[in-house]
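With chain A fixed as given, assemble chain B onto it according to the hints.
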Amino acid sequence: GENVEQHPSTLSVQEGDSAVIKCTYSDSASNYFPWYKQELGKGPQLIIDIRSNVGEKKDQRIAVTLNKTAKHFSLHITETQPEDSAVYFCAPETGYSSASKIIFGSGTRLSIRP
Amino acid sequence: KAGVTQTPRYLIKTRGQQVTLSCSPISGHRSVSWYQQTPGQGLQFLFEYFSETQRNKGNFPGRFSGRQFSNSRSEMNVSTLELGDSALYLCASSLGQGKRGSSGNTIYFGEGSWLTVV
Numbered sequence: 461g462e463n464v465e466q467h468p469s470t471l472s473v474q475e476g477d478s479a480v481i482k483c484t485y486s487d488s489a490s491n492y493f494p495w496y497k498q499e500l501g502k503g504p505q506l507i508i509d510i511r512s513n514v515g516e517k518k519d520q521r522i523a524v525t526l527n528k529t530a531k532h533f534s535l536h537i538t539e540t541q542p543e544d545s546a547v548y549f550c551a552p553e554t555g556y557s558s559a560s561k562i563i564f565g566s567g568t569r570l571s572i573r574p
Numbered sequence: 008k009a010g011v012t013q014t015p016r017y018l019i020k021t022r023g024q025q026v027t028l029s030c031s032p033i034s035g036h037r038s039v040s041w042y043q044q045t046p047g048q049g050l051q052f053l054f055e056y057f058s059e060t061q062r063n064k065g066n067f068p069g070r071f072s073g074r075q076f077s078n079s080r081s082e083m084n085v086s087t088l089e090l091g092d093s094a095l096y097l098c099a100s101s102l103g104q105g106k107r108g109s110s111g112n113t114i115y116f117g118e119g120s121w122l123t124v125v
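Same order as they appear, the protein sequences are chains A and B. The first sequence begins at 461 in our numbering and counts up one residue at a time. The second sequence begins at 8 in our numbering and counts up one residue at a time.
Careful: at least some of the hints might be erroneous.
Calculated lysine-lysine pairs in the PhoX-like style (CA-CA distance at most 20 Å, straight line) [what the hints assert, rightly or not]:
1. Lys561/A x Lys106/B
2. Lys64/B x Lys561/A
3. Lys531/A x Lys517/A
Restraint-style ranges between C-beta atoms, simulated for each label pair [stated by the list, open to error]:
4. Glu499/A x Thr45/B: 12 to 22 Å
5. Glu516/A x Gln61/B: 30 to 40 Å
6. Asn491/A x Pro15/B: 31 to 41 Å
7. Leu500/A x Ser34/B: 46 to 56 Å
8. Asn78/B x Gln474/A: 27 to 37 Å
9. Ser34/B x Ala530/A: 37 to 47 Å
10. Ser488/A x Lys20/B: 35 to 45 Å
11. Gly10/B x Thr538/A: 21 to 31 Å
12. Asn78/B x Ile507/A: 35 to 45 Å
13. Thr123/B x Glu516/A: 35 to 45 Å
14. Ser34/B x Asn491/A: 25 to 35 Å
15. Asn491/A x Pro68/B: 26 to 36 Å
16. Thr45/B x Val480/A: 18 to 28 Å
The set of hints was computed from the structure by calculation and includes no laboratory data. Computed from a prediction, not measured in an experiment: that's the story for all the values here. C-beta atoms are modelled at their ideal positions from N, C-alpha and C, and glycine is treated no differently.
The shape of chain A in the complex, shown without the other chains (with noise of 0.2 Å):
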């Protein structure tokens, strides 16, 4: 099957420093890299993506970059702030997953210190 990799499982970030999470995929046919954010007793919020013909995308705090050759992308977000404490969860596209079967990864455990 497809494996999904996430990296870290958890961690705890500085107010105002950067986190940087990171998801590996093995599906070389993937094409479609999004990021979902799941806050505490609600569901998983797509926050951002990035299509493989795009090396990077930028919404304010928050960017993705992808390298296609080595089969990963990350989440950057910078000027942490407490709204930013959630479960990040990756969920590329691949030949396992379809429009609406999404494979997340194992999620990361964002907690900003104050």
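Then chain B, alone, in the frame of chain A:
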């Protein structure tokens, strides 16, 4: 525009019982998919319905079933509950056409139904 609505939010059942969870998608969305979330297994895909037909299915036993009605609302049922079925069950809706991430085909999740089996 109302989001994805799931009911009930919390419920406790006894082993051997059955449970039915309900999901109302965003208006106009025809695809409804269900996921199980547990600390040990993470987020796992259960099944997807589109226009009242099951379009995709995950690796879960036959005790897990679902259906979709003509108004796109969906229900999932778990029979003969086991302790390991305790989880957060999430429903997601989308237009259901085209690739994930294509224009207008974003998937939206509800807040989930917390099921505890005792």
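Hint check, failures only: 7, 8, 12
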